[in-house]
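Enquirer: Spelled out, the chains give:
Number of protein chains: 2
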Amino acid sequence: MGQENGLHIAVVGATGAVGQQIIKTLENRNFPVGKITLLSSARSAGKTALFKGEEVTIQEAKPESFEGVDIALFSAGGSVSKELAPEAVKRGAIVVDNTSAFRMDADVPLVVPEVNESALHEHNGIIANPNCSTIQMVTALEPIRQKYGLKRVIVSTYQAVSGAGAQAVEELYEQTRAIINNEPYEPKILPVRSDKKHYQIAFNAIPQIDKFQENGYTFEEMKMINETKKIMGLPDLQIAATCVRLPVATGHSESVYIEVEKDGLTVQECKEILAGAPGVELQDDIENQIYPMPADCVGKYEVFVGRIRQDLNKANGFHMWIVSDNLLKGAALNTVQIAESLIKLNLIRNK
Amino acid sequence: MGQENGLHIAVVGATGAVGQQIIKTLENRNFPVGKITLLSSARSAGKTALFKGEEVTIQEAKPESFEGVDIALFSAGGSVSKELAPEAVKRGAIVVDNTSAFRMDADVPLVVPEVNESALHEHNGIIANPNCSTIQMVTALEPIRQKYGLKRVIVSTYQAVSGAGAQAVEELYEQTRAIINNEPYEPKILPVRSDKKHYQIAFNAIPQIDKFQENGYTFEEMKMINETKKIMGLPDLQIAATCVRLPVATGHSESVYIEVEKDGLTVQECKEILAGAPGVELQDDIENQIYPMPADCVGKYEVFVGRIRQDLNKANGFHMWIVSDNLLKGAALNTVQIAESLIKLNLIRNK
Chain A
93 MGQENGLHIA VVGATGAVGQ QIIKTLENRN FPVGKITLLS SARSAGKTAL FKGEEVTIQE
153 AKPESFEGVD IALFSAGGSV SKELAPEAVK RGAIVVDNTS AFRMDADVPL VVPEVNESAL
213 HEHNGIIANP NCSTIQMVTA LEPIRQKYGL KRVIVSTYQA VSGAGAQAVE ELYEQTRAII
273 NNEPYEPKIL PVRSDKKHYQ IAFNAIPQID KFQENGYTFE EMKMINETKK IMGLPDLQIA
333 ATCVRLPVAT GHSESVYIEV EKDGLTVQEC KEILAGAPGV ELQDDIENQI YPMPADCVGK
393 YEVFVGRIRQ DLNKANGFHM WIVSDNLLKG AALNTVQIAE SLIKLNLIRN K
Chain B
93 MGQENGLHIA VVGATGAVGQ QIIKTLENRN FPVGKITLLS SARSAGKTAL FKGEEVTIQE
153 AKPESFEGVD IALFSAGGSV SKELAPEAVK RGAIVVDNTS AFRMDADVPL VVPEVNESAL
213 HEHNGIIANP NCSTIQMVTA LEPIRQKYGL KRVIVSTYQA VSGAGAQAVE ELYEQTRAII
273 NNEPYEPKIL PVRSDKKHYQ IAFNAIPQID KFQENGYTFE EMKMINETKK IMGLPDLQIA
333 ATCVRLPVAT GHSESVYIEV EKDGLTVQEC KEILAGAPGV ELQDDIENQI YPMPADCVGK
393 YEVFVGRIRQ DLNKANGFHM WIVSDNLLKG AALNTVQIAE SLIKLNLIRN K
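One line per chain: the protein sequences are A and B, in this order.
The end of the first sequence is residue 443 by the numbering used here, with every number in the run present.
The end of the second sequence is residue 443 by the numbering used here, with every number in the run present.
No incorrect hints appear here.
Remember, identical chains collapse to one label, so a pair may be satisfied in a single copy or spanning two.
With a straight-line cut-off of 30 angstroms between C-alpha atoms, the simulated DSBU-like cross-links for lysine-lysine are: (1) Lys174 with Lys127; (2) Lys139 with Lys280; (3) Lys303 with Lys174; (4) Lys436 with Lys321; (5) Lys303 with Lys406.
Everything labelled a hint here was simulated from the structure, so no lab data went into it.
Only chain A is shown next, with the shape it has when bound in the complex:
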């Protein structure tokens, strides 16, 4: 059902922060697009977007929109995915879904190609793209796990506002401007638009991302915990997360402590493993003050790792600092990579 010179790709949520990055990433990586269908809510339908220099009119996403589509890349919120992803699958499309709607479903692969590409073989039409903060962490930890095993992870995140959408970024900048000019402002979006209270993000740090669960953890924290176990295939991994929102527009950072299973790992070998790892760039040269920072990662595909240190008490314990563009590797890039893997593994249905 693909076009002669490529696949028919649909992007659902084409006007959103991630949707726009998906369109750009398809262009930049020269993905074999034969035809592109851009879909959105009724509100945004009729707008146009450029794809490879051509104007494409954005249409309202409906069940019929997926007729003839090979791969549908969803990034329009969980409720849209729940409603329309099955419709797309019914019409023969494979769905790569950026929301949390299907991530923990037993029959839906949750994939970071550098980590568990082969899980794609088990797909039943829907493949889930993990949470942004999870993707960058597992990309960095998997090559270490392969050689030394992984027993324990304790992560504290430093997450960017764009993870909460384009309007949250606007809120950050408008609020910053108001504070600097001594003008009043009223927080309306962060930490969670649909939660009861909203707090200042400019010049602040908010220890809440997504809503709270009964166990005291936020959904974001539990996503990191559960998704990491599923992607890495380590149901018994000891893992804890504390997720914090920062006044940074784009680029998630993570302070990560790990304990590996096997003895003998050194900082030097850890650096060598990461320097050669797919999707990872080592930035660790403290003598020259080289370490990853969110301001440097924007627009880049890699997961950057630095500040690698051995724990001073546990020989098998290591600390590191992991940074990546949350809209790219954390979302759009990983989505497109999954589509690339589907082609490579010959897993496009009906081809």
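Given chain A, put chain B in place with the hints provided.
Expert: Coordinates of chain B only, in the frame set by chain A:
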């Protein structure tokens, strides 16, 4: 040697960010000041400051400046302390030093009054005030340690720019303004003024506070590790730290994981312990989105604790979020509290 109605207090570094907070804190807490001597570098000498409504002329700090002084509160950098603190002691003053110059000296007590006030009995003229990020953490952890012991600490910090001085705060605001207005800027102060490279702090996170040591940790990280052991009297404590600078003017936050020695601690008891602890305010009501944030702590004396959760794998493991005003409990307030404890314990020399 004190004045009739109080003590003769000297403030060294009276024009700095912490020095000014010390003067304010002496006023606000109604500290028994009979006479105040404000000292600074030659460059700032001649300026005036208000103390209890009266104008006080700031003088250049010299060895003779300490004649007749009862307590000298130093906050003018390590080199000034190294040079002048012994001179002050020679003249009969007790020095409370805010720098790292003497903190790890075996014969210098390193004191957080809520934790180890009795260490003041061992003083030999100089008492050290700990590092800001250490003070707030040990204040929150000590009441838990008293009941359950403390085996392990892993902390990731979210530190404010004012910890690097008033000019760093100016840099944060000027840089923020430049970025928002699309104007050029050149980082000059952060992360460490005297280090080789300087990086953007606005809308960024810098995983370097103070310079690097050979073991890959920064001095700030090693301060947290070594000072915590000394203050809490736990030389074998397993403790690791990752210190990160944020675009926040004032208010340090910390994501802290602890393991206690004894079994049986619950989140509920942890909250009860902290709710009644000296210098601590529990802010932990996730149902109403109540948790500490730096923007809320500015100008307050307390160490705020929230987001208390049990680790999902270790029954004796707990996660929490600790926030405090780094210029107050992290510096000026703790300094003045030490002076208050000296009076209470009758440890003012020559009185």
